[in-house]
Each structure stands twice: as C-alpha cells, then as structure tokens.
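Could you put the whole structure together from the sequences, leaning on the hints where they help?
For the protein sequence lines, the chains are R and P, in the order given.
End of the first sequence sits at 226 in my numbering; the numbers just go up one at a time, nothing left out.
End of the second sequence sits at 1126 in my numbering; the numbers just go up one at a time, nothing left out.
These are calculated hints, taken from the structure and not from any lab test.
Incorrect hints may appear among the rest.
[As the list claims (entries may be wrong)] Simulated restraints on C-beta separations:
id : chain 1 : residue 1 : chain 2 : residue 2 : range
1  : R       : 32        : P       : 1125      : 45 to 55 Å
2  : R       : 216       : P       : 1002      : 34 to 44 Å
3  : R       : 109       : P       : 1002      : 32 to 42 Å
[What the hints assert, rightly or not] Just so you have them, the derived chain R footprint on chain P, three or more residues with Cβ under 8 Å:
id : segment
4  : 1001-1015
5  : 1049-1056
Ideal Cβ placement from N, Cα and C applies to all residues, glycine included.
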Amino acid sequence: MLIALFRTVVLYLLIILGIRLMGKRQVGELEPSELVFTLLIADLAAVPMQDFGIPLTRGVIPIVVLLCVTLLLSLLTMRSIKFRAFICGRPGIVVRDGKVCQAEMEKNRFTLDELSEELRIQGYSDISKVKYAILETNGQLTVLLNAEEQPVTAAQMGLKPKDPGLPALIISDGRLLEDNLRKRGLDDKWLEKQLSHHHVRRVKDVFLLSVDEQGTVYFAEKEKRR
Amino acid sequence: MKKGWLAIGLLVGMVALSWWHVSALNALTDDLGGQLRRAETLAESGEWDKAAEVTREASEQWDGRAFYLHVTLDHRTADDIAVGFAETLEFLEWQEAGEYSAANARLMEQLELLGQVEWPSLENLL
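As structure tokens, this is what we get:
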C-alpha cells in the first residue's frame, strides 16, 4: 500500500510538472504534439502506478522523454514557419464574402452541418452577413462579420469613455497583497479608510478588495459562517 | 531557448545512461553465464563442492546488484533469476545431476535472454 501511495504521488507530481511546462493553453488550443503528450502521459503514469512489478523508471523515463521531445517540437514550431505549417497545418477560409468555400470545406473534411452549428453557437444564423469564417488550426471557427453588421463602437460614435484599466487585487481571501497595494501607489492609510468605509475592522474579514486604475473599488466582505 | 538546451541535454543524458545500462547488463549476464558454464563443467567431472562455490559466487554477484536490477528491470524477471540461483544451488548441494543440469540450463538461458531483451536490435524495436 505504501508503495502505491509513494508511486502515485511521484507520478502525479511528474505529470503536473509536465503539464505546467507545456504552458498556459487549454486543451482545445494545444498543438498536435502537445495534445499527443497529454493523451499519452496519463497512460504512461498509470501502468507503474498499478503494477508494482514494473520499476518506477519505466514510467518516469518515457514521460521525461516525451516531455523533452514535445518541448523541442514546440520550440521548433515557434522558430520555423514551415515546420509550424507541417505540424499544425494552416488556417483555412471556409466562408468568404457571404459564400461558402466548398473546396476548402472538403479539404478540411468540415461539413455544412458543422459550419452551421459553429455559426449558431457564436450567434450568427445568416451566412450572407459573414465576411470571413476561418477554420483555425486548433479546430475553432473565427467569424468576422461584414462591416455594416458589426456592433457600433464608442470610437465610431465619437465618444471617449474612460478606460478603467486593469483592476489590482489588494486583498484576496483575507490576505493582504502588499506588492499590489504599493504598485497601485496606495498605502496603509488608504486601506484603513476603505476598511472603515465598509464597516470592517480587519483585513482577515475581507474576501475581496480590488481597485482599478481609475480608483474604483470593488469590495466583498467574507460571509459569516454559521 | 534555455529550456530547449535543457531538453536536448536531458535526452542525450538519458541515451548515454541507457547505453551504459545495456552494456553493463550484457557484461554482467555474460560473466554470470560464463561462471555457470564453468560450474556445470565442474559438476560433470564430479567436483560438486567447487561447482557449488562457483555458482554461489555468481549468485552473490547477482544479489549484490539487487537494488540496481530492481530499479531498472521488471521485478518478476529479477526475482525469477534469484529463484533460479537458489534452485540450482539446492540441486548442487544434493548432487542431483539431472535436475541440476536442467535448472542450470534454464538459468543460463534466462540470463542470456535478459542480456538480449534490452539490446536495441531491430527485433526488439519491432
């Protein structure tokens, strides 16, 4: 039992390290090599986890090798456009100026049903209003509408709304993030003022306190436990 | 690019270690196989005690690498060979010629196969 426990923890941590080293992308955005890595790694770890007759190295070595190869392929993909096109493919335009590009659909084995479904999911029912629909290398469909169909922006209306900027988290679940407080140009006096304004005595009683670049504060007190 | 060099370094390191492991394992199995053949010759000429001594040395050589062998090989394979040595030594102690010969032949074959199975030959790769 102890062996199972130890092996499980070791392999689990190794998988987390591997996934972490692959970067901040979701499964749908992974390159083919990274997707293969994700699919294989679980099986590779499971075998020595369950069969104690197999040495742990038989799980660790393939995982590390796969990780190294995936990393190298990712780096090559970043550096070489041709290699990237070979591994990931190229995006294809499946709708242009309101017309379906049938040849491109056939080349990508992308059916009309799938196109209609993707358009509906994104809220577009009329293909004639679509300027471009691009099938990306990760399988997602990007839709760009004709200019006259796009929502009006503040700039087009001649308006200049204030930009709130990025809110900085000052207190997170009762913990004060001093770095963020200083970076926002604020101090302890400002913090005390905020706490007293919201009738709270301690930082520990605050669930969330954030402030954006315009000085707008979002405050949430911790719920009292019964 | 640092991660790239680290990945290349790790891969090269693992290839080098794997190559060393295969070479070391082959050397060990060849050596033990040689000792067992010598023991068989001694047993055939009636020198049972000397045959037992040679086999015992081979067994101790195997046991001395038990940790390394269990980390790198299938545990069942390593255990089967350890059992094979114990079995062979018992037959030598009792001077059972037929059983000893069969057990020794099985043990030598297991060691030879062990050396071959880790070798990167086309047969093993496919």
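Structure-inconsistent hints, enumerated in ascending order: The structure breaks hints 1 and 5; every other hint is satisfied.
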